[in-house]
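What follows is the residue order along each chain.
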Amino acid sequence: MKPWNQRLAPYLFIAPNMLIFGVFIIYPAINGFVVSGYDSNNGRTFRPVGVDNYGNLFGDAEFWTAARASVIFVLAFVVLCTAGAAGLALLLTQPIRARGFFRAVFFLPVLLSPVVVGLLWGWILERRAGALNSMLGADIPWLIDGRLALAVTVFVGVWTHVGFYTLIMMAGLQGIDGSYYEAARLDGASAWQRFRFVTLPLLRPTTLVVVILSLIAGFQAFDFIYTLTGGGPLGATTLMVQYVYEHAFRSPIRYGLAAAGSVVLFVTIFALTMLNFLYARRREAV
Amino acid sequence: MRRPPTTGRVLTYAGLIALTLLFLAPVVWTALSSFKDRTELAARPPALLPQTFALDNYTEALSRFDFTIYLRNSLVVTVSATVLTLAINSMAAYALAKYNFRGRDLLFLVTLGTIMIPLQIILIPLQQVASQLGMTNSLLGMIIPPAATPTGVFLLRQYMLTIPDELVEAARMDGAGEFRIFLRLILPLCRPALAVVTIFSVIWRWNDFLWPLVIAQSQDLYTLPVALAQFNSEEVVPFNYILAMSVVSMLPVIIVFLLTQRHIVKGIAQTGFK
Amino acid sequence: MRFNRKMIVGAALLLAACAPGTNDSGTNSSAQNHLTYLYFTDGPDEQVTRALIKDFEQETGATVELQIIPFSELSQQLQGRIASNNAPDVFRTDTLTGYRDALLDLKANGQDIGAQFMDEARDYISGPGGSLLAVPSDLTMNGPFVNLDMFAKAGVTPPSQPWTWDELIANARKVQQANGTAFALAYDKSGHRFSGMLNQFGTNLFGANGVELDAAKASAAIRQFAELHQQGLMSKDFWLESGTKYKGAIDIFLAGDAPVCVSGNWQVSQFTKVAKFRWAAMPNPCAERCGGYPGGKFMAATKQSANPQLAAKFVAFMNSRAAQEKYAKEAQFLPTRKDLIASGVQYPNRAEDMATFLADVKRTDKAGFASTYSPGFSPTATTVVKELAAVIAGQESPDQAVTNIRAAAEKNLR
Chain A
1 MKPWNQRLAP YLFIAPNMLI FGVFIIYPAI NGFVVSGYDS NNGRTFRPVG VDNYGNLFGD
61 AEFWTAARAS VIFVLAFVVL CTAGAAGLAL LLTQPIRARG FFRAVFFLPV LLSPVVVGLL
121 WGWILERRAG ALNSMLGADI PWLIDGRLAL AVTVFVGVWT HVGFYTLIMM AGLQGIDGSY
181 YEAARLDGAS AWQRFRFVTL PLLRPTTLVV VILSLIAGFQ AFDFIYTLTG GGPLGATTLM
241 VQYVYEHAFR SPIRYGLAAA GSVVLFVTIF ALTMLNFLYA RRREAV
Chain B
1001 MRRPPTTGRV LTYAGLIALT LLFLAPVVWT ALSSFKDRTE LAARPPALLP QTFALDNYTE
1061 ALSRFDFTIY LRNSLVVTVS ATVLTLAINS MAAYALAKYN FRGRDLLFLV TLGTIMIPLQ
1121 IILIPLQQVA SQLGMTNSLL GMIIPPAATP TGVFLLRQYM LTIPDELVEA ARMDGAGEFR
1181 IFLRLILPLC RPALAVVTIF SVIWRWNDFL WPLVIAQSQD LYTLPVALAQ FNSEEVVPFN
1241 YILAMSVVSM LPVIIVFLLT QRHIVKGIAQ TGFK
Chain C
2001 MRFNRKMIVG AALLLAACAP GTNDSGTNSS AQNHLTYLYF TDGPDEQVTR ALIKDFEQET
2061 GATVELQIIP FSELSQQLQG RIASNNAPDV FRTDTLTGYR DALLDLKANG QDIGAQFMDE
2121 ARDYISGPGG SLLAVPSDLT MNGPFVNLDM FAKAGVTPPS QPWTWDELIA NARKVQQANG
2181 TAFALAYDKS GHRFSGMLNQ FGTNLFGANG VELDAAKASA AIRQFAELHQ QGLMSKDFWL
2241 ESGTKYKGAI DIFLAGDAPV CVSGNWQVSQ FTKVAKFRWA AMPNPCAERC GGYPGGKFMA
2301 ATKQSANPQL AAKFVAFMNS RAAQEKYAKE AQFLPTRKDL IASGVQYPNR AEDMATFLAD
2361 VKRTDKAGFA STYSPGFSPT ATTVVKELAA VIAGQESPDQ AVTNIRAAAE KNLR
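Chains as they are written, first to last, in the numbering used here: chain A, 1 to 286; chain B, 1001 to 1274; chain C, 2001 to 2414.
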């Protein structure tokens, strides 16, 4: 048996943070979960409807379009963010000139407000004489063609967030003890083999952090998409968060349906995160 | 002694410079465009440079309200929330990383779970809670709720896992109290990770919009982002003001980043998430 | 990790304990003789609002705190603040839908002023039992603007009396060709603006007895609108590039990419400030009917106000004859008071353009007012944009769009 102070200490340490979580995040979230069993057009008068909201949600073609777009977006976003961050981190940990400058450059978009990011890229990518098409002398329907618009949305998302994950990846890379590389070199491993058999496996725990954080960020992406494409053309880039948001705050208001949508969204993210953890734990990464 | 550059190095620099253009050009363009008026902004194809470097967008937008009050509120909120974040996040992370106690896994899951809940979705119940606690219309209401950042706990916990348990045990053998160990042993070891969380927290709190808007109902409690958004009316979204104001609000964070950039990178370097 | 039965029971109890709903009996925490006024601004109206508030404070000894937020957050803020017993005493809004049950009866609080405002809005601002829930604080009128420099170059004179739609299209095309602009016409991406075209084609989304929308007329309007895009007279991209979100056509107009732009009187002060060419408002074109499409803002007080009498008094003051005249003059808004509509407002700037809009108010079919003041209007306007985009993209026939819009309108009215 441990002494009492060691048994009590963790609870005291964790209490302030958990108190705030409980009051300001978890309690309202549970409230939101409960609301998914009601119908409301203003968020203050409620009529119980059982599971109708879920029925309506799953019966709504627009919900499935949004879910499909979300899955594509998140998959691409996570893969590109993780790979991009790893690549950039590899580059930026080389002994290069002006390394501090380059590191700052990739972090800059993280500082821009998402609203400005959306407006800015929307303006660059306008078909008729937007900056990019003017420069290329081309007529590419970046934001007009549904598939292209979704791809653009992924690109802008990665552009904005990759700097954040790059910093975390650089940490992982620089945390790898140089002696492993020495040993591999002595064994005659080529540069590729050193990367494949030393860097990659030792980077796995960092990769897990990046995958999980980007997965969550991907599912929550909203602000910049709203100003970039507004969810268009014809709903092609309307993701689940926007679907929920519009039902909650844009006329006609269907608050309960929005709550049901956010419950589904939450369960999806949570399940995927857990899968990642279990997979990582199986590989003894955590 | 100079060696001729290898193909690899040439490629590295070429890649870096191309990527730099991709990342830097839009930001620089934002800054340049913030000097253009509405007509210039609407011009197609857009010009790279503004016709004149007129400060109208800046002066007009800023003269519409008392800039110093909002700047002060933003500073107070950012600084106090960040200090609070560092304190409670590191304590929570320490409990999760270095103790074995009932409910630990559940609390870790809860922490992860809270990262996943978007603010937009819990806004109305959240407003009710804040109102019941009398936190609306107070700076405290803007500081306390966002201070418990789940991402901060997550990052710090992952870092603390790399500190060997033996260190903690040894300190206990020497008769150090639990809090003393945390304060004198763990925190100094975590300094790099704390620096990372500091930077993230400063960025988040400085740019927060939705939460301060909900809490600060009186205009003398507005933070910069809230004050700056007032220009967005129903039918007219003044892009020229938005650009100018985003440059204004970006500058302080860029300066903070440039000053601490070395420290973050070094901080992250030593973090070595395991 | 183990989930035991105790935890599940606990969670269930917790869920049951927080069934939603709020006590509506609460009052906000405004001090005695103090009011909060939640406001969104269109620009030039802010200064004059502040000046009027000063007048009110001097006259009554009360204090009024103006709280300005961006329009995009208005609905979210109001919902949240009302739900948490924290409602502003008075607010400005574009719609009463969703707030009606929270509004203060101005009549019961000493301000029986409903009859002073235009009759068309009467039903909309009235609550159950003859109560008065709000007053219209300004009226807007949709209408076209023309680039006079471009018209002059093409030798076309903008009319003082309305053109037909065909004349508008033919002349706009002529001006477009003479100036080599990318488009002939620009039209705000807004269900409200398109409702003006519907009204001109002889039908409306809503009438006095619910959903009206005549299938043949609506279909004709949509077909005409889509053709303009397919022929390249209007920008197809504009409708597809930003989803169903509102987007103003004025940027196309300001950049000199189209000689005609359909928006409304609220742009007058903006154009005065930034346009780098000569411009003017023009009467709305006619098809079956003439005139434009009305809209506007309201001012209301909330039941939660700790000072209901004062709140009602403030609403009445801000919309008194003298105050509204000042407000309309400074901000280039149109009046909603019967006495001001009758006498007219002497605008210090751009008086001719304002006169053009006022003339169109008189030409506008009364059915347009019934439609715009229908509780189903603002939700259906979003559907209109979505369906128009689908037709313009060639994914849907005009008839199909009409069917879908009708279905949405019926659902939204229920």
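One or more hints might be untrue.
Taking lysine to any residue and the SDA-like style, the derived pairs with C-alpha atoms no more than 20 Å apart in a straight line are [unchecked claim]:
{"#": "1", "chain 1": "C", "residue 1": "LYS2411", "chain 2": "A", "residue 2": "ASP60"}
{"#": "2", "chain 1": "C", "residue 1": "LYS2054", "chain 2": "B", "residue 2": "ARG1102"}
{"#": "3", "chain 1": "A", "residue 1": "LYS2", "chain 2": "B", "residue 2": "ALA1171"}
{"#": "4", "chain 1": "C", "residue 1": "LYS2386", "chain 2": "C", "residue 2": "LYS2411"}
{"#": "5", "chain 1": "C", "residue 1": "LYS2303", "chain 2": "A", "residue 2": "ASN42"}
{"#": "6", "chain 1": "A", "residue 1": "LYS2", "chain 2": "B", "residue 2": "ARG1064"}
{"#": "7", "chain 1": "C", "residue 1": "LYS2411", "chain 2": "C", "residue 2": "ALA2393"}
{"#": "8", "chain 1": "A", "residue 1": "LYS2", "chain 2": "B", "residue 2": "PHE1053"}
{"#": "9", "chain 1": "C", "residue 1": "LYS2276", "chain 2": "C", "residue 2": "LEU2148"}
{"#": "10", "chain 1": "C", "residue 1": "LYS2411", "chain 2": "C", "residue 2": "GLY2207"}
Honestly, the hints are just simulated from the structure, not real lab data.
Now for the hints, and whether the structure bears them out:
1. Our distance criterion of 20 Å between C-alpha atoms is met by LYS2411/C and ASP60/A, whose separation comes to about 15 Å.
2. About 61 Å separates the Cα atoms of LYS2054/C and ARG1102/B, which puts this hinted pair outside 20 Å; it is violated.
3. For the hint linking LYS2/A to ALA1171/B, the alpha-carbon distance of about 15 Å falls within 20 Å, and the restraint holds.
4. Of the supplied pair hints, the one linking LYS2386/C and LYS2411/C holds, its CA atoms being roughly 16 Å apart against a limit of 20 Å.
5. Proposed proximity of LYS2303/C and ASN42/A is supported: the alpha carbons are some 16 Å apart, at most 20 Å.
6. The straight-line distance between the Cα atoms of LYS2/A and ARG1064/B is roughly 63 Å, outside the 20 Å bound, and the hint therefore fails.
7. Simply put, LYS2411/C and ALA2393/C have alpha-carbon atoms about 25 Å apart, too far for the 20 Å limit, and the pair is violated.
8. As the CA atoms of LYS2/A and PHE1053/B are separated by approximately 69 Å, the hinted pair breaks the 20 Å bound.
9. This hinted pair checks out: LYS2276/C and LEU2148/C have alpha carbons roughly 11 Å apart, not beyond 20 Å.
10. Distance restraint check for LYS2411/C and GLY2207/C: the Cα-Cα separation of roughly 15 Å lies within the 20 Å cut-off, and the hinted pair is therefore satisfied.
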